[in-house]
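So the protein sequences, as listed, match chains A and B. Under the working numbering, the final residue of the first sequence carries the number 329; numbering is consecutive throughout. Under the working numbering, the final residue of the second sequence carries the number 713; numbering is consecutive throughout.
Check each hint, because a few of them may be wrong.
Selected chain B positions facing chain A (in silico; Cβ < 8 Å) [claimed, not checked]:
1) 120
2) 425
3) 426
4) 429
5) 430
6) 582
7) 585
8) 618
9) 621
10) 626
11) 636
12) 641
13) 645
14) 699
Derived SDA-like pairs (lysine to any residue); straight-line CA-CA distance at most 25 Å [unchecked claim]:
15) 38/A <-> 635/B
16) 26/B <-> 99/A
17) 141/A <-> 636/B
Derived by calculation from the structure, the hints in this document are not laboratory data. Every residue gets a Cβ at the ideal spot worked out from N, C-alpha and C, and that includes glycine.
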Amino acid sequence: MREFGYQRVFDVPDALAFGADPEARYLGGGTNLVDLMKTGVDRPALLVDVRELPLDRIEATDSGGLRIGATVTNSDLAAHPEVRRRYPALAQAVLAGASGQLRNMATVGGNLLQRTRCGYFTDSSQPCNKRIPGSGCPAIKGEHRNHAILGASEHCVAVHPSDMSVALAAFDAVVHYETADGPGELPLAEFYLPVGDTPHLETALPSGALITGITLPPAPVAADSRYRKVRERASYAFAIGSVAAALDVRDGAVREVRLAFGAVASRPWRAREAERVLTGGPATPHAFADAADTELAAAEVLPHNRYKVALVRNLVVAMLTELAEEAAR
Amino acid sequence: MTTMTGTTATAAAVGTGHTRVEGRAKVTGAARYAGEIPFAELAHGWLVLSTIARGRIRSVESGPVMSMPGILAVLHHGNAPRVTTDYTGLLGRPDPTVAVFQHDRVPCAGWPVALVVAETSEQAREAAAALVVRYDDEPHDVAFSAGRPGTYTPESSPRLQAETRKGDVEAELAASAVVVDAEYTTPEEHHTSLEPHAAMAHWDGGRLEVVDSNQGSRWVAEDLAQLFSLDPASVRVRSEHVGGAFGSKGVRPHQVCAVMAATVLHRPVRVVLTRRQMFSLVGYRSPTAQRVRLGADADGRLRAVDHQAQNLTSTVHEFVERSAAYGRVMYDADAHHTVDRVVALDVPTPTWMRAPGEAPGSFALESALDELAEKCGMDPIALRERNEPDRGPVSGLPFSSRNLLACFREGARRFGWADRDPRPGLRREGRWLLGTGTAAATFPSGVAPSTAAVTAEADGTFTVRITAADVGTGARTALTLIAADALHVAPEHIRMRIADSDFGQAMVAGGSMGTRSWAWAITTAAGELRERLALGGGIPPEGITVRSDTTEAVGALAMRERHSFGAQFAEVAVDVSSGEVRVRRMLGIFAAGRIVNPLTARSQFIGGMTWGLSMALHEEAVRDQASGALVGADLAGYHFAANADVPLIEADWVDDTDNDDPIGIKGIGEIGIVGAAAAIANAVWHATGVRHRHLPIRPDRVLLAVGGTGGAG
Chain A
1 MREFGYQRVF DVPDALAFGA DPEARYLGGG TNLVDLMKTG VDRPALLVDV RELPLDRIEA
61 TDSGGLRIGA TVTNSDLAAH PEVRRRYPAL AQAVLAGASG QLRNMATVGG NLLQRTRCGY
121 FTDSSQPCNK RIPGSGCPAI KGEHRNHAIL GASEHCVAVH PSDMSVALAA FDAVVHYETA
181 DGPGELPLAE FYLPVGDTPH LETALPSGAL ITGITLPPAP VAADSRYRKV RERASYAFAI
241 GSVAAALDVR DGAVREVRLA FGAVASRPWR AREAERVLTG GPATPHAFAD AADTELAAAE
301 VLPHNRYKVA LVRNLVVAML TELAEEAAR
Chain B
1 MTTMTGTTAT AAAVGTGHTR VEGRAKVTGA ARYAGEIPFA ELAHGWLVLS TIARGRIRSV
61 ESGPVMSMPG ILAVLHHGNA PRVTTDYTGL LGRPDPTVAV FQHDRVPCAG WPVALVVAET
121 SEQAREAAAA LVVRYDDEPH DVAFSAGRPG TYTPESSPRL QAETRKGDVE AELAASAVVV
181 DAEYTTPEEH HTSLEPHAAM AHWDGGRLEV VDSNQGSRWV AEDLAQLFSL DPASVRVRSE
241 HVGGAFGSKG VRPHQVCAVM AATVLHRPVR VVLTRRQMFS LVGYRSPTAQ RVRLGADADG
301 RLRAVDHQAQ NLTSTVHEFV ERSAAYGRVM YDADAHHTVD RVVALDVPTP TWMRAPGEAP
361 GSFALESALD ELAEKCGMDP IALRERNEPD RGPVSGLPFS SRNLLACFRE GARRFGWADR
421 DPRPGLRREG RWLLGTGTAA ATFPSGVAPS TAAVTAEADG TFTVRITAAD VGTGARTALT
481 LIAADALHVA PEHIRMRIAD SDFGQAMVAG GSMGTRSWAW AITTAAGELR ERLALGGGIP
541 PEGITVRSDT TEAVGALAMR ERHSFGAQFA EVAVDVSSGE VRVRRMLGIF AAGRIVNPLT
601 ARSQFIGGMT WGLSMALHEE AVRDQASGAL VGADLAGYHF AANADVPLIE ADWVDDTDND
661 DPIGIKGIGE IGIVGAAAAI ANAVWHATGV RHRHLPIRPD RVLLAVGGTG GAG
């Protein structure tokens, strides 16, 4: 592997100064980046270790939401009492990912910036538009069982691997960052860029920007939320389909619903169409299925990933039905 | 000077549980593996593999790389030492894949095209990544499918028959009241031993020394001697600790590369494979496509068994996955036909992988038996009882011992089989459908000639020297117990030295034959030593050593069908709305001869059953047709069962004595896998009413099979 420099930083200005080098990468837990360096997929000249930055707190915001620092570990995030109480789907999503050891290392900021696990992306001997723009996407005609059914393009059909981001998408999280020119923020819905013909450009973060944290706005509906993840073994695998769902039902009618899908697109997929169809309507399995179908009508399947449509639809129906039944009790 | 008095053990060591003699060293990290043993002046080699699947190397542009920091050499077909593959080794003709850098042909993706050697492994790795290799690409063909053009029946040898026939299968099928005709497939599977392959080679005063991780040091030494045209006595290979092998750790390109580089550079060179390289270089289990036809009378008596299996091999070497051989010992029928066919494609050569043949073959045949039981309206165990042979169904030879039905009886009792409602798709628990399944298992009980030396030391202890290999199974411990009993001393008095080719010829750790073969040699030497010691007199300072060679005794063994047997049981939960399958419990009861160390034996059975679970639900390597290479060739892409997938697994055994056999051990390394995947697939049918004939039983397959008729694709 390429020889690289390593710089530990203790405050944000220092981090930004070192991070300005286009060949520098911020190092959080290293649970993804270091693998990519070993396989030659990423070849940074400098690692700027941000783990000692004072960004490891989880605090309530004045408006009743939560602010989560970028270097909070996945383990601490999932264990935090306020996260578990107010946004249980977020805690469940984080716990559904990786292993205990990895969650102890992985950070919130790094989790947002995970790279896809597409087998062509991670193999530097293969073409990949995400890795080498213009080299082609072999997955479309090749192995794509776990590739995107929504929002993909002819240039890339990879899916985002993060479970955490799916729950964040459901709860309208906002990503905060710092640059040399000052702070900025991006709603999660705008954080990940559409694939289009630039699959190598994954986020709207400015060059050299450092994620400092995320905020979750208050969302009472999130208190009755859950996350379900289906994968090809019981643990320690990326999702082949996942759903974050929250439901508020009064008198048999949907007052508010949140739905986000994982492992179906290059970004966590907020199912706004399904939410729109459901809101104000009956909380019945039939309505849930119709809503899922509405959202998934846009699905463009490849020969080996069409099962995902049925999988996500079934998950939506099962989870919303369960939430509705619990609300009725 | 000492005598035997006072060291006589009061209790037999064999048959009682003993922790591994090297266990403390392993869990404290004191045990060193081939990739981490320090050597002075060690240089590091890094392999460069082809990125095309077929063609020729036009150029290896080593010039720019040679000027990179620390680079010592770039070996390739233009400058590497010559080797010969014109020999027959212990286990047959060598796979030309090990003859690295001998020509410019590239027969598959992941073929070794160069070795970069540097002062550090990081420097070698970086230069290997930078090395430009130019190719003349040719069209490749890696598409494996049943009956595809190019499929042929390989030549049989006396030991390994590709095809067997008895009676008229077509006539018996036509006369059968009930017929099953189904196709089954299993995917490409990889050993992925925890410890990657690693070897260090250096020349020491005209002797080639290799520190390796293998399953037969003498085997590797003799092959290296042949490859490099050396006097076998001038090659020494050691392999003290091995972190898993499963058939993949024989002679492989890394040892050959290390010897080449050590020869060229006159200094020690180590070559370690990466996980990704292992997927190309150390063999794998071929995918199989199998058709099984069973014909039976209405009462389940088999009239016809037809098992036609197909696997792939490379264009440079023929390896046959003998899936169809499984049925030749299992079930009697009036007519019997079994054949293993093969097709050569532009892929790496497959090899033995734990339970070669039996693992995929049992999935097909034991699934088909379950389908037949369903069609006959019979209990699956009763069907197997009805077709229990009293002699080898094809060979006509008597069984040395066959306790399959005892396994089923004990298993059924412990699993609660009698309470089972045979109808599928009836049991629900929340979102889960529940089902149970069973399957039989068998594995050959072979033995091969071995030598051993046992020394009575002057201090009253004993030293055993044998070129055995402990690939993580506990062989070192088992042999210690064997030696202790043979010498009538406690195990603490035995010093067991293994895995050094200088100790002489011995069977490899493979084919479930290691412990049986080695124990025979140790027992023989120990017996003679005891006779010598019984004559009285003291022990001189250099000790008294007796050597044994079991060649004659093994050759005199009567012709019998010698096999272990087993019965597998599984309970599964299936969520057909998500496609998830969870195994809730497994039970395996085995008849596998004398069990030497119950503690590690249970581990091996459970490990095998876990492997079978993994085969049923998870394992699958996917080859990209366009590039000819694997996609996701790492442990993120190649899934095997994680801890959360592995439920309560019980393994136990029934008495299986064989008075005809002087050693009584049958070998337990592989049978735990056999039938396990079929038991799980049969349980999935019982849960859902859908037959899954293609492994692994992935969520997408379960999902898409909902509402399907019978089979799932």
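Hints, one by one, checked against the model:
1. 120: violated, 10 Å
2. 425: violated, 18 Å
3. 426: violated, 21 Å
4. 429: violated, 15 Å
5. 430: Violated. Min distance 10 Å.
6. 582: This interface hint holds because 6 Å falls under the 8 Å limit.
7. 585: violated, 14 Å
8. 618: holds, 5 Å
9. 621: violated, 10 Å
10. 626: Given a least distance of 6 Å, the restraint on residue 626/B holds.
11. 636: holds, 6 Å
12. 641: Hint on residue 641/B: holds, closest Cβ of chain A at ~6 Å, below 8 Å.
13. 645: Residue 645/B check passes; min Cβ-Cβ to chain A is 5 Å, inside 8 Å.
14. 699: holds, 6 Å
15. 38/A <-> 635/B: holds, 14 Å
16. 26/B <-> 99/A: holds, 24 Å
17. 141/A <-> 636/B: holds, 21 Å
Hint compliance for this structure: hints 1, 2, 3, 4, 5, 7 and 9 are broken, all remaining hints hold.
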